[in-house]
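Add chain G with the ligand to chain C, keeping to what the hints say.
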Amino acid sequence: MSGAGGLLRALVLHRRDYGNTSLLVELFAQGQGRFPAIAKGARRGRRPTSALLQPFQPLWVGVVGRGEVLTLTRVEAAARPFDLGGPALPCAFYLNELLMRLLGRHDPQAPIFAFYHAALGELAAGAHLDSVLRQFELRLLEGLGYAPSLDLVVDGGTPVAPDRHYLVEPGRGTRAAPAAAAGERVSGATLLALARGEALAPAQAREARALFRRLLQPHLGPKPLKSRELFRQWRGGRQE
Amino acid sequence: MAERTLLNQLIDALRCLPGVGPKSAQRIAFHLLERDRDGGSRLARVMGEAMARIRRCSRCRTLSEHEQCGLCANPNRDPSLLCVVEQPSEIVAIEHATDFRGYYFVLGGHLSPLDGIGPAELGLDLLEARLREGQVTELILAISPTVEGSVTAQYIAECAGAAAVHVTRIAHGVPLGGELEHVDGGTLALAFSGRRTL
Ligand SMILES: [Zn+2]
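In order, the protein sequences belong to chains C and G.
Just so you know, we're using this note's numbering here: the first sequence kicks off at 19 and counts up by one.
Just so you know, we're using this note's numbering here: the second sequence kicks off at 187 and counts up by one.
Bound conformation, chain C alone:
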């Protein structure tokens, strides 16, 4: 459950001021999942821990308490912060927003913590943004038990063929698309690239983005994702 003297590996998903000197942070901790914790006096003193309690900074934390909201007793840097610049930064906020919206509190979800950590590493290393985001969305849906199998057709389990088109709907799996089906068809090649974690060509990246919006939608509800809007505005600004 924990390493180094009862400390947990954790990252801050979100934080806000609490009272005059404290912070209320939402942590995602290895083996513990997501939970809120209060960092008392984190914004006070000559070396405030608020400098460490920021998103994308790998941490060791000590927490105590029984209720929903725990109390932070120790905070230490576990590594240097992920070096996220340019459009990778709003993408990283998007990962945080997805976790805040989709992950229940105190649900351990150990594989998702590892995928999250890896995704931040890839964003920091300058990996292709769409590929990182789609792989993370797929792993997240898989971890929560919502992901359809992308490389097998739901009736009969025949393998997806790269040169054919399919319909992938939330809760209904992957089915062969009728020839007259509307624009929500996805090419088999895109599905196979996603299932294998391969790089996506530009047209495939567009198809995959639309596909995952549809797959995530029922679990996100009607409230729009703010970081997605920010990222769109960001891209819009750059193309002008």
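Simulated from the structure, these hints should not be mistaken for lab results.
Each residue gets a CB set at the ideal place from its N, CA and C atoms; glycine is no exception.
Hints may be right or wrong, so weigh each one.
[Said to hold, decoys possible] Listed below are several chain G residues computed to face chain C (Cβ distance under 7 Å; list not exhaustive):
(1) 204
(2) 205
(3) 299
(4) 300
(5) 302
(6) 304
(7) 305
(8) 332
(9) 333
(10) 337
(11) 370
(12) 372
Chain G with the ligand in isolation, oriented as in the chain C frame:
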């Protein structure tokens, strides 16, 4: 439960002040009522007027009771320099401590997608329009070196780039009189990457 007397309402209302808990609120209320009624009345009058009349300057978004604040209305400042800060209080700090004589723009916070604070909430459309006026040649970002501050700074830098305005960010690093071994790793890393030739 305390009786809903005027005295209790006053004590309760005073608790909206930062750093004022129930004990201090009680002390302040008794002090004003017993020793300084004039001061209390003046506070009430000015507070009422300030709350009703102070709004955001239409040009820089700082707090002002005028359509344009005193700084923006001053024609003797340098229109080629524009400094972006998060809070109006930071203008006061910069005015006191530096010889900066350009103009300011106040965001009122930083981008925080998870709190629903996007470019529109920070008035960035107003800032972009200001940059397109063409007078500003250097945009100085005086924004906190937090992750949210960075995303804000980078977003503004993209906008400024589109308007062909040179963007600088104030240096972050070791405090004056600070000893290196007591500085946290993040600050030290920033100070190191921002080193300059002597
Ligand atoms: Zn002004």
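Discussion item. I'd like to know which numbered hints this structure contradicts. Please list them from smallest to largest.
Written reply: none
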